[in-house]
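Residue numbers (my numbering), protein chains in the order written: chain A, 1 to 307; chain B, 1 to 579.
Among the hints, erroneous ones may be present.
Claimed, not checked - In silico DSBU-like pairs for lysine-lysine, Cα to Cα no more than 35 angstroms straight-line:
1. 158(B) x 269(B)
2. 95(B) x 51(A)
3. 284(B) x 164(A)
4. 51(A) x 152(B)
5. 284(B) x 253(A)
6. 212(A) x 113(A)
7. 300(A) x 212(A)
8. 299(A) x 222(A)
9. 169(B) x 49(A)
10. 155(A) x 284(B)
11. 457(B) x 95(B)
12. 385(B) x 49(A)
13. 222(A) x 113(A)
14. 66(A) x 164(A)
15. 289(B) x 253(A)
16. 49(A) x 152(B)
17. 289(B) x 164(A)
18. 253(A) x 273(B)
19. 345(B) x 460(B)
20. 51(A) x 385(B)
21. 49(A) x 158(B)
22. 212(A) x 222(A)
23. 169(B) x 51(A)
24. 51(A) x 147(B)
25. 49(A) x 95(B)
26. 289(B) x 155(A)
27. 158(B) x 385(B)
28. 485(B) x 339(B)
29. 147(B) x 91(B)
30. 49(A) x 147(B)
31. 339(B) x 460(B)
32. 158(B) x 51(A)
As the list claims (entries may be wrong) - Stretch by stretch, here's where chain A covers chain B in the computed footprint (C-beta under 8 angstroms, at least three residues):
33. 104 to 115
34. 133 to 142
35. 300 to 314
These aren't lab readings, by the way, just hints derived from the structure by calculation.
Fair warning: this is a prediction, and the values are worked out from it, not measured in the lab.
For every residue, glycine included, the Cβ atom is placed at its ideal position computed from N, Cα and C.
Spelled out from the first residue to the last, the chains are:
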Amino acid sequence: MKGKKIKISWKEIKRQKFLMLCTLCFVIYGIIFYYVPLGGWIMAFQNYKAKDGFFGSQFVGLDKFKFLFSDSTFIQVIRNTLAMGVLNLVSTFVMAIVFAILLNEVRNTMGKKLVQTISYLPHFLSWIIVTGILHDALSSTGIVNELLVNAGLLKQPINFFAHKEYFWPIVAFANVWKETGWNAIVYLAAITSIDPSLYEAATIDGAGRWAKIKNITLPGIKPTIMILLIMNIGNVLNAGFEVQYLLGNGLVKSVSDTIDIYTLTWGVGQNDYSLGTAAGIFKSVVAIILIVAANAFAKKTGEETLF
Amino acid sequence: MKTWKMRRLVAMLLTLLLALSLCSCGGGDQPASGNNDGGGSGNNSNNDNSGNNSGGNNSGNKDIIEFTMFTAMPGSEINDDNEIQQIIAEKIGAKVKETWLTGQTDSEAIGTIIAGGDYPDFINGGEAMKSLYDEGVLVPWDDYLDKYPNLKEMYTDKEWDSFRQDDGKIYWANVFQNTYGENRATTHNDEAFWIQVKVLEWAGYPEIHTLDQYFDVLDRYAAEHPTMENGTPTIPYTMLCEDWRYFCLENAPEFLDGYPNDGSVIVDKENLKIVDYNTTPTAKRYFAKLNEEYQAGNIDIEFATQTYDQYIAKLSTGAVLGMCDQWWDFAYSVNDVFKQQGLDKQGCNYVPLGLTIDEGMENRWHTYADTLNNSSGVAITTSCKDIDAAFQFLNDMLDQEIHDLRFWGVEGVDYNVDENGLYYRTEEQRARCADPSYQASHMCGYSYMPQWLGTSKDGKNAMQPNEQASEFFDDLAEPLLNCFKAYGADSYVDLIGSVVEENAPWFPMYSFSNAMDTTTPGGVAWTKMGEVKHEWLPRVVMDPDFEGTWEQYMEAYNAVNPQAFLDEMQAELERRAAA
Numbered sequence: 001m002k003g004k005k006i007k008i009s010w011k012e013i014k015r016q017k018f019l020m021l022c023t024l025c026f027v028i029y030g031i032i033f034y035y036v037p038l039g040g041w042i043m044a045f046q047n048y049k050a051k052d053g054f055f056g057s058q059f060v061g062l063d064k065f066k067f068l069f070s071d072s073t074f075i076q077v078i079r080n081t082l083a084m085g086v087l088n089l090v091s092t093f094v095m096a097i098v099f100a101i102l103l104n105e106v107r108n109t110m111g112k113k114l115v116q117t118i119s120y121l122p123h124f125l126s127w128i129i130v131t132g133i134l135h136d137a138l139s140s141t142g143i144v145n146e147l148l149v150n151a152g153l154l155k156q157p158i159n160f161f162a163h164k165e166y167f168w169p170i171v172a173f174a175n176v177w178k179e180t181g182w183n184a185i186v187y188l189a190a191i192t193s194i195d196p197s198l199y200e201a202a203t204i205d206g207a208g209r210w211a212k213i214k215n216i217t218l219p220g221i222k223p224t225i226m227i228l229l230i231m232n233i234g235n236v237l238n239a240g241f242e243v244q245y246l247l248g249n250g251l252v253k254s255v256s257d258t259i260d261i262y263t264l265t266w267g268v269g270q271n272d273y274s275l276g277t278a279a280g281i282f283k284s285v286v287a288i289i290l291i292v293a294a295n296a297f298a299k300k301t302g303e304e305t306l307f
Numbered sequence: 001m002k003t004w005k006m007r008r009l010v011a012m013l014l015t016l017l018l019a020l021s022l023c024s025c026g027g028g029d030q031p032a033s034g035n036n037d038g039g040g041s042g043n044n045s046n047n048d049n050s051g052n053n054s055g056g057n058n059s060g061n062k063d064i065i066e067f068t069m070f071t072a073m074p075g076s077e078i079n080d081d082n083e084i085q086q087i088i089a090e091k092i093g094a095k096v097k098e099t100w101l102t103g104q105t106d107s108e109a110i111g112t113i114i115a116g117g118d119y120p121d122f123i124n125g126g127e128a129m130k131s132l133y134d135e136g137v138l139v140p141w142d143d144y145l146d147k148y149p150n151l152k153e154m155y156t157d158k159e160w161d162s163f164r165q166d167d168g169k170i171y172w173a174n175v176f177q178n179t180y181g182e183n184r185a186t187t188h189n190d191e192a193f194w195i196q197v198k199v200l201e202w203a204g205y206p207e208i209h210t211l212d213q214y215f216d217v218l219d220r221y222a223a224e225h226p227t228m229e230n231g232t233p234t235i236p237y238t239m240l241c242e243d244w245r246y247f248c249l250e251n252a253p254e255f256l257d258g259y260p261n262d263g264s265v266i267v268d269k270e271n272l273k274i275v276d277y278n279t280t281p282t283a284k285r286y287f288a289k290l291n292e293e294y295q296a297g298n299i300d301i302e303f304a305t306q307t308y309d310q311y312i313a314k315l316s317t318g319a320v321l322g323m324c325d326q327w328w329d330f331a332y333s334v335n336d337v338f339k340q341q342g343l344d345k346q347g348c349n350y351v352p353l354g355l356t357i358d359e360g361m362e363n364r365w366h367t368y369a370d371t372l373n374n375s376s377g378v379a380i381t382t383s384c385k386d387i388d389a390a391f392q393f394l395n396d397m398l399d400q401e402i403h404d405l406r407f408w409g410v411e412g413v414d415y416n417v418d419e420n421g422l423y424y425r426t427e428e429q430r431a432r433c434a435d436p437s438y439q440a441s442h443m444c445g446y447s448y449m450p451q452w453l454g455t456s457k458d459g460k461n462a463m464q465p466n467e468q469a470s471e472f473f474d475d476l477a478e479p480l481l482n483c484f485k486a487y488g489a490d491s492y493v494d495l496i497g498s499v500v501e502e503n504a505p506w507f508p509m510y511s512f513s514n515a516m517d518t519t520t521p522g523g524v525a526w527t528k529m530g531e532v533k534h535e536w537l538p539r540v541v542m543d544p545d546f547e548g549t550w551e552q553y554m555e556a557y558n559a560v561n562p563q564a565f566l567d568e569m570q571a572e573l574e575r576r577a578a579a
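Full structure from sequences and hints, please.
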């Protein structure tokens, strides 16, 4: 990627003025839609009231942050967000790779295409529908309970949503169900770009399927895996809003609420925009730290990096 | 050379297009408004429609003003070409497009509307009324009220005063619980432990006064009838604990001790003291009983996680023998379904029982006089283009002719008038009025607009059909009628047999706690108490170790400082008692 360093000079800029103009469109776009809204962060340092506006609201410094970190509920939602984020990341990530490799081994093109199409369709369902399906499937008269009871594994149907310990796995499962097929597409594409002659050579050397997966496929898609991992780590705190919001209930609130839900209940529900913004800032800062750390780690281990 | 320039131009344009399309995506992607459809859509339709109106309306010579309204309560939208809505619109020159709460809590929905800044013309914010006031988007009524006699008539001057906010002005009016003329109440429009009449019939119409007797009957009936005739498994008892509706689970101890519905606290009349009903011995006994029944498998295992819709669907099957709830929270939708499905003939209708914790206590489940809940109501926002017309609309809603259209329907179609001028419905009309699709296409109740109970201005009929004595009895299915006869009751009110008394001057205290927000320590405690109870009460019911769980619950409960809340309630009680 490293080309000859070109010194930035007016002449150079002039020479590239067409490209510069094209870029400018996106710089302006970025400023308007990414940087200007950040001005709203000022709310976190005020006791913001919409009536008084940005300039009339009382400035309170770090009070809102102090409230946040002394609120045991906020500590709880951070834990929930991280836990569900990591759980989702690991499960969807591993499942997508495994699924892509398995699918790649299918020799029947028709069957392969069919499975692929069917498996990525859930990605296009909105969460409200997925949670509806989950609610039905896991209800006391739903298919899961019926199967378990008929198989003799359970005496009584259980109410899955009333138990705290099931909530995180249910969310992770929902994510896997919805996203596996879709995420696998990228890996499948990466796999196709592996030179077929490598496989041929391996076959001649007497490598079986397993050996080929281990020594050719996996190393072949490693750069893709790393890049996606780094990008997803930045997203860990986006553990979700809809799933938890729609599946949660009073009983499991202490494990189901995420930072986003906290922001909604305080910021929008209680009309405390300042506190909501403070929570949002915290989330962004942690996300930036995570992504930079992951990138640095990748760089150190000599892997593909994002920046 | 020329093609080169051309290509450049095209490339430029394409980049611009891409950037622009990204912009528009970015615009629509704002997270706050992403999952709201209540307020926003309401306002859009306003714009659309005002366009239509100026383009000429086929229905009449004068333009019909179309308002929008958002109500922070779930409701069913009526069709755009609803017949009675059109009739009313032609008579008064205005109509209102109502939108309702979907899938959110009222404070979230109102918060989203405030964040978006798009307000409908009329709004009822439920418990979030106060934040609308704080936002300064409501129109004060003081300058208008005297011009609109029908509206003014709804409350006495003293009652109107109770709606005043800290700036001394009136911003909204509650539309319910207003009796015109003689009281006609036939329904128990309050909370109770409800029981299906088929259970009472089977048990030989016993006297049921306590919680223990109540569950005893339910359990015995369920043991003998594990399924309904159509094979649906019987659910002896269920409870709703979703969001604010968890009152179905949490506030029974107040009534079981014989106190009226102050909602958030008990008021000890003699000493003028606030008592917390969450920690009384009765509360513990009540939850212990629920726990015992749950362990015995007599309580719906899904109670803790069901949504309101699921709850109503469950009740509508007729399989639930009993529950604790407010009449208005279930009866309108459930009774209509029973009628449609013929379940009313099988005795699935619910009647209220005035239970107390021990035998021989007075009960105050029923509130005889009107309850004035000044914490919420209908308001007009500053976005409304024609405020006078909006007030005129509210005023017209109470015009007797319009009122009849709203609640009775069209004469000759939805009801008939006999030789004495009394309104009545035929069996066919009654069935039709209970049909949801007919309600959507024909009936237009404007149910969150100002309305009367009691006696019509003609002095003969009831303002609303369910209060018309003849209608009431003719509408009762056979098993229900038998039940009324067996207990010698003329109405649901007689059945529950509450003590007849005037409302205390501070009643109801919940109108104060509903309006609390997190700016005071008491308000924070109130919010946190709600969170603790939401989590712990179902656990208290479900955990096999009741005593241990109860202790943990009490610990968690006391940790959020309920005293701060009780102190603020005490101060308000003293203020109201002195006023």
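Given the hinted pair residue 169(B) and residue 49(A), is their alpha-carbon gap at most 35 angstroms?
holds, 21 angstroms
Straight-line alpha-carbon gap residue 169(B) to residue 51(A), limit 35 angstroms:
holds, 18 angstroms
Is residue 158(B) within 35 angstroms of residue 385(B), Cα to Cα?
Between residue 158(B) and residue 385(B) the Cα gap is close to 30 angstroms, so the pair holds against 35 angstroms.
Is it true that the CA of residue 49(A) sits at most 35 angstroms from the CA of residue 152(B)?
Judged against 35 angstroms, a Cα distance of about 33 angstroms means the pair holds.
Given the hint that residue 284(B) pairs with residue 253(A), does the C-alpha gap stay at or below 35 angstroms?
Distance ~23 angstroms between residue 284(B) and residue 253(A) Cα, so the pair holds.
Holds or violated: residue 253(A) with residue 273(B), Cα cutoff 35 angstroms?
holds, 33 angstroms
Within 35 angstroms, alpha carbon to alpha carbon, are residue 158(B) and residue 51(A)?
With a Cα-Cα distance of about 30 angstroms, the restraint between residue 158(B) and residue 51(A) holds, given a limit of 35 angstroms.
Is it true that the CA of residue 339(B) sits at most 35 angstroms from the CA of residue 460(B)?
holds, 27 angstroms
Keeping to a limit of 35 angstroms between CA atoms, is the pair of residue 51(A) and residue 147(B) held or broken?
holds, 29 angstroms
Proposed proximity, residue 460(B) with residue 345(B) (alpha carbon, max 35 angstroms):
holds, 30 angstroms
Residue 95(B) and residue 51(A): Cα distance at most 35 angstroms?
Holds, at about 31 angstroms.
Hint check: residue 158(B) vs residue 269(B), CA-CA at most 35 angstroms. Holds or violated?
holds, 22 angstroms
The structure is consistent with each of the numbered hints, conforming to all of them.
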